[in-house]
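In order, the protein sequences belong to chains X and A.
Just so you know, the first sequence maps onto residues 75 to 578 in this note's numbering.
Just so you know, the second sequence maps onto residues 75 to 578 in this note's numbering.
All the pointers check out, no bait thrown in.
Remember, identical chains collapse to one label, so a pair may be satisfied in a single copy or spanning two.
Straight line, CA to CA, 20 Å or less: simulated EDC-like cross-link-like pairs of lysine to aspartate or glutamate: (1) 450 <-> 357; (2) 573 <-> 86; (3) 450 <-> 472; (4) 573 <-> 84; (5) 450 <-> 477; (6) 573 <-> 463; (7) 450 <-> 478; (8) 450 <-> 463.
It should be emphasised that the hints constitute simulated quantities derived from the structure, not laboratory data.
Here is what each chain is made of, one letter per residue.
Protein chains: 2
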Amino acid sequence: MVSAPRIRVDVDASLDLTGTVLTYLAVPLCFPLAVAVYYGDPIGPFAAAIAATLLVGGGMDLLGDEETNLGPREAFLAVALIWFLVAAVGAIPFVVAGNGTTASPINALFESMSGLTTTGGTVFQDFSVHSRSILMWRQLIQWLGGLGILILATAVLSSVGVGGAQLMETETQTHDMNKLTPKISETARLIWGLYVGITGLAILVYFSLGLVGLAPNMDLYNAVAHGFTSVATAGFSPEPDSAGAFAPVVQWAMIPFMLVGSTNFVLLYLFINGQPMRLLRSEEFHFYLGSVAVFTAIVGSALAVDPTITFTAEATVRHALFNIASIITTTGYASTDYTLWSAAGQHMIFLGMFLGGMVGSTTCSIKSLRWLVALKSLRRSLYTSIHPEAVRPVRISDNPIGEETIRDIYAYLLLSLVIFFALTVFIVVDAQRISGFTVSEFDAMGAAASTFLNIGPAFGAAGPFGTYDIFPTSTKVVMILLMWIGRIEIIPVLVLFTKAFWTS
Amino acid sequence: MVSAPRIRVDVDASLDLTGTVLTYLAVPLCFPLAVAVYYGDPIGPFAAAIAATLLVGGGMDLLGDEETNLGPREAFLAVALIWFLVAAVGAIPFVVAGNGTTASPINALFESMSGLTTTGGTVFQDFSVHSRSILMWRQLIQWLGGLGILILATAVLSSVGVGGAQLMETETQTHDMNKLTPKISETARLIWGLYVGITGLAILVYFSLGLVGLAPNMDLYNAVAHGFTSVATAGFSPEPDSAGAFAPVVQWAMIPFMLVGSTNFVLLYLFINGQPMRLLRSEEFHFYLGSVAVFTAIVGSALAVDPTITFTAEATVRHALFNIASIITTTGYASTDYTLWSAAGQHMIFLGMFLGGMVGSTTCSIKSLRWLVALKSLRRSLYTSIHPEAVRPVRISDNPIGEETIRDIYAYLLLSLVIFFALTVFIVVDAQRISGFTVSEFDAMGAAASTFLNIGPAFGAAGPFGTYDIFPTSTKVVMILLMWIGRIEIIPVLVLFTKAFWTS
Ligand SMILES: [K+]
Ligand SMILES: [K+]
Numbered sequence: 075m076v077s078a079p080r081i082r083v084d085v086d087a088s089l090d091l092t093g094t095v096l097t098y099l100a101v102p103l104c105f106p107l108a109v110a111v112y113y114g115d116p117i118g119p120f121a122a123a124i125a126a127t128l129l130v131g132g133g134m135d136l137l138g139d140e141e142t143n144l145g146p147r148e149a150f151l152a153v154a155l156i157w158f159l160v161a162a163v164g165a166i167p168f169v170v171a172g173n174g175t176t177a178s179p180i181n182a183l184f185e186s187m188s189g190l191t192t193t194g195g196t197v198f199q200d201f202s203v204h205s206r207s208i209l210m211w212r213q214l215i216q217w218l219g220g221l222g223i224l225i226l227a228t229a230v231l232s233s234v235g236v237g238g239a240q241l242m243e244t245e246t247q248t249h250d251m252n253k254l255t256p257k258i259s260e261t262a263r264l265i266w267g268l269y270v271g272i273t274g275l276a277i278l279v280y281f282s283l284g285l286v287g288l289a290p291n292m293d294l295y296n297a298v299a300h301g302f303t304s305v306a307t308a309g310f311s312p313e314p315d316s317a318g319a320f321a322p323v324v325q326w327a328m329i330p331f332m333l334v335g336s337t338n339f340v341l342l343y344l345f346i347n348g349q350p351m352r353l354l355r356s357e358e359f360h361f362y363l364g365s366v367a368v369f370t371a372i373v374g375s376a377l378a379v380d381p382t383i384t385f386t387a388e389a390t391v392r393h394a395l396f397n398i399a400s401i402i403t404t405t406g407y408a409s410t411d412y413t414l415w416s417a418a419g420q421h422m423i424f425l426g427m428f429l430g431g432m433v434g435s436t437t438c439s440i441k442s443l444r445w446l447v448a449l450k451s452l453r454r455s456l457y458t459s460i461h462p463e464a465v466r467p468v469r470i471s472d473n474p475i476g477e478e479t480i481r482d483i484y485a486y487l488l489l490s491l492v493i494f495f496a497l498t499v500f501i502v503v504d505a506q507r508i509s510g511f512t513v514s515e516f517d518a519m520g521a522a523a524s525t526f527l528n529i530g531p532a533f534g535a536a537g538p539f540g541t542y543d544i545f546p547t548s549t550k551v552v553m554i555l556l557m558w559i560g561r562i563e564i565i566p567v568l569v570l571f572t573k574a575f576w577t578s
Numbered sequence: 075m076v077s078a079p080r081i082r083v084d085v086d087a088s089l090d091l092t093g094t095v096l097t098y099l100a101v102p103l104c105f106p107l108a109v110a111v112y113y114g115d116p117i118g119p120f121a122a123a124i125a126a127t128l129l130v131g132g133g134m135d136l137l138g139d140e141e142t143n144l145g146p147r148e149a150f151l152a153v154a155l156i157w158f159l160v161a162a163v164g165a166i167p168f169v170v171a172g173n174g175t176t177a178s179p180i181n182a183l184f185e186s187m188s189g190l191t192t193t194g195g196t197v198f199q200d201f202s203v204h205s206r207s208i209l210m211w212r213q214l215i216q217w218l219g220g221l222g223i224l225i226l227a228t229a230v231l232s233s234v235g236v237g238g239a240q241l242m243e244t245e246t247q248t249h250d251m252n253k254l255t256p257k258i259s260e261t262a263r264l265i266w267g268l269y270v271g272i273t274g275l276a277i278l279v280y281f282s283l284g285l286v287g288l289a290p291n292m293d294l295y296n297a298v299a300h301g302f303t304s305v306a307t308a309g310f311s312p313e314p315d316s317a318g319a320f321a322p323v324v325q326w327a328m329i330p331f332m333l334v335g336s337t338n339f340v341l342l343y344l345f346i347n348g349q350p351m352r353l354l355r356s357e358e359f360h361f362y363l364g365s366v367a368v369f370t371a372i373v374g375s376a377l378a379v380d381p382t383i384t385f386t387a388e389a390t391v392r393h394a395l396f397n398i399a400s401i402i403t404t405t406g407y408a409s410t411d412y413t414l415w416s417a418a419g420q421h422m423i424f425l426g427m428f429l430g431g432m433v434g435s436t437t438c439s440i441k442s443l444r445w446l447v448a449l450k451s452l453r454r455s456l457y458t459s460i461h462p463e464a465v466r467p468v469r470i471s472d473n474p475i476g477e478e479t480i481r482d483i484y485a486y487l488l489l490s491l492v493i494f495f496a497l498t499v500f501i502v503v504d505a506q507r508i509s510g511f512t513v514s515e516f517d518a519m520g521a522a523a524s525t526f527l528n529i530g531p532a533f534g535a536a537g538p539f540g541t542y543d544i545f546p547t548s549t550k551v552v553m554i555l556l557m558w559i560g561r562i563e564i565i566p567v568l569v570l571f572t573k574a575f576w577t578s
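Please construct the entire structure, taking both the sequences and the accompanying hints into account.
Right, here's the structure in full:
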């Protein structure tokens, strides 16, 4: 008698952790509920979401075991489940509110997943139909998504020793950090505290600019809303014109917060705790800021020579730096409609989407460390092609990188580009099914990169002041899945589809 | 006193080898000369090329040393020089003939480089202005390019033990083959003999189809012309409508020759010499034919459901199979204008450009073995992400692949995609400089892939029945360089730009 292969994943442990997270989600949902009470908006949307998350979360807690058995497999499954189910709960307020495009469940899930994954691409058509509390929920879910990624990078992954943590070790030596603190969870708490602190500072700075009269429309509501989505490199704004709705000084103020949000938080913590050189000497930090500088210079030049663009010198520098920093940090705010720029300018925005900030931050996309390791490894390959006998480890900030890590980084880069390609083709082909609707290849490439790499705005109709609502429902469903897969760095979802994951 | 770093490359040895090859180039140039005499065309174009190649080649032979010192560096330099200078000599007949677009030296170099690299993209506008002998030279230079690649894969690289040879070893165990023959040069000669033999067979089959009346316009001239460019997976045709100018039976006859041209020639040799299972059990062979089958099925389905396409069932299968086989083998013939197909069909053609046939053949592009190794390695990475302690070599046809080879394959794939991207952006941005001229992103992607990966036809105006002459001169110059870099697999050119190459 042949028995079915035994499931070797402790599914109960994963469900238990997921249930716990869903239960805790009720706490942040009280914030938009309070906002609704303050502005006299309906409270039903948030009450429904709180009820749903307590019910589902509590049920999973009851069904699941204590999370004593959290190996790599259980962690992967929990991460995939948590990101998907929190997004699903996050969609409930949009559906219950029932206003505008997000009254439809698929659109609501798109908006919620775009929020939680800190993507920031919207399916809103008309911002004015949405209540202040719903718009604030949209901001808060992005801040939670940024926090979730920091937790993933600093606690969950490092406790199981896979993927991202390996990458973190490479640049930051979390074990050095651990000498400072007795437990990994202690380290993690310091990092999350830093995140909360910088968010508070952003809110304070933005609100002060409004208070002193430099930015009339920057009230407390907008200060909080943009504080939530700056350091989270998330990019939603309650304003349809994004950062373009505010005075230039606000745009200048946002740039450092986006840049800090994409900086390695362990190195940031060490920076303000007596070891500033660890950050200042980090090669990844140099590569990241260097990319922002080079891309800004090219875009600035393209804007300066473009006869159709009539910016002042200050505006040229500001719009070049703001939008490049926004794209490379993967925030996705826009200070102006870059879809009106020349091919050179738009293509720099497009290429910038593939960079990303530093590992161990809230940044999305491929991340500077991966590109830096790939470039250094490639340079070594050129060297060994003429000196086959040479043995030279690849070093980042003087630390040798393991050969398996290099190989995994290459695999990740390749996989990202292949998925991006496949999504582009899907968007174009899927659009052609709709009579009279076509998506240009460039617009499709932009939308594919921007959703899968969690940037936010794309090109054409899905540009920074546009909407993803133009896409067919089938395309939006695939984008929802790829925002999810991209944000948790592909592998935790991909392994779920291998037989070995479940039975070996 | 600080002295300049000493040049550590034996440049003389590289120059000597290059000079020898240029001198020998006079021999094949006699063929179009004879064709010119036969048809009463001017012989000046070929006489000039013969004089030039003997002069330059002889001069380099005199200047250079005996090629006693051919290490990896000298081989890289010689390969880069040979491919560039042979293309330059190959351009002379076009310029001297002075007809049509190729009267301009840049266009002539484009046509010649496209020929030698077996790309097959043309800058011709009007085929009828070119003499029969010039059109035959265009075919012959492609056949020489195919032969050159086989020599590179089987003799030069394996004698210095780098890059491509490492890949060849992986799949074919040339050392097994060497047991059959006392010397590597003997092995190589058997391979080249096979190439000559299959070319002869192709000519015979094509000519017979004409003789028996099945293909009225397939005369001896056309049979030779297409025999030269089928097995070479090269794709030039003296007919502006390519394979579409001939009867369906000719198109059916071309398919196996394109497929054989992209099959590993060592395994082909073993196949007809008592070891057929080595080819039939090759996982790369399965992957390569499987890709052709899957892509054909998808394109066939897309054609069948497309209301604007009214092919018979036979024509649907033939056009799907012919054009996919043509693209995946990197030949570049076309049986019909696929730029009229739906987005789905055109995108399958586009994606097919990145595959390529088997290593150790005349195929271009990335090649099946690299994709297969990357896929298997990725599958292993998924496995080790849940079983970190597992040690599992990646195997192709039961042979373990070295970890450094896997890493170099990833690097090659990434480098290819990045260069493809950069070329796409360059094409679009460069086009925008020209008032009133734009290249769509998809057409630019197609042209970038088709030139850099040495396929031939692209999309839009540079489609299979179109011309690359539409592009600005600056774009054509960059395409010339990238056809060259792509054909010799990037590294030999890239290392020339490292300081270590010259001084370490
Ligand atoms: K974002
Ligand atoms: K070709």
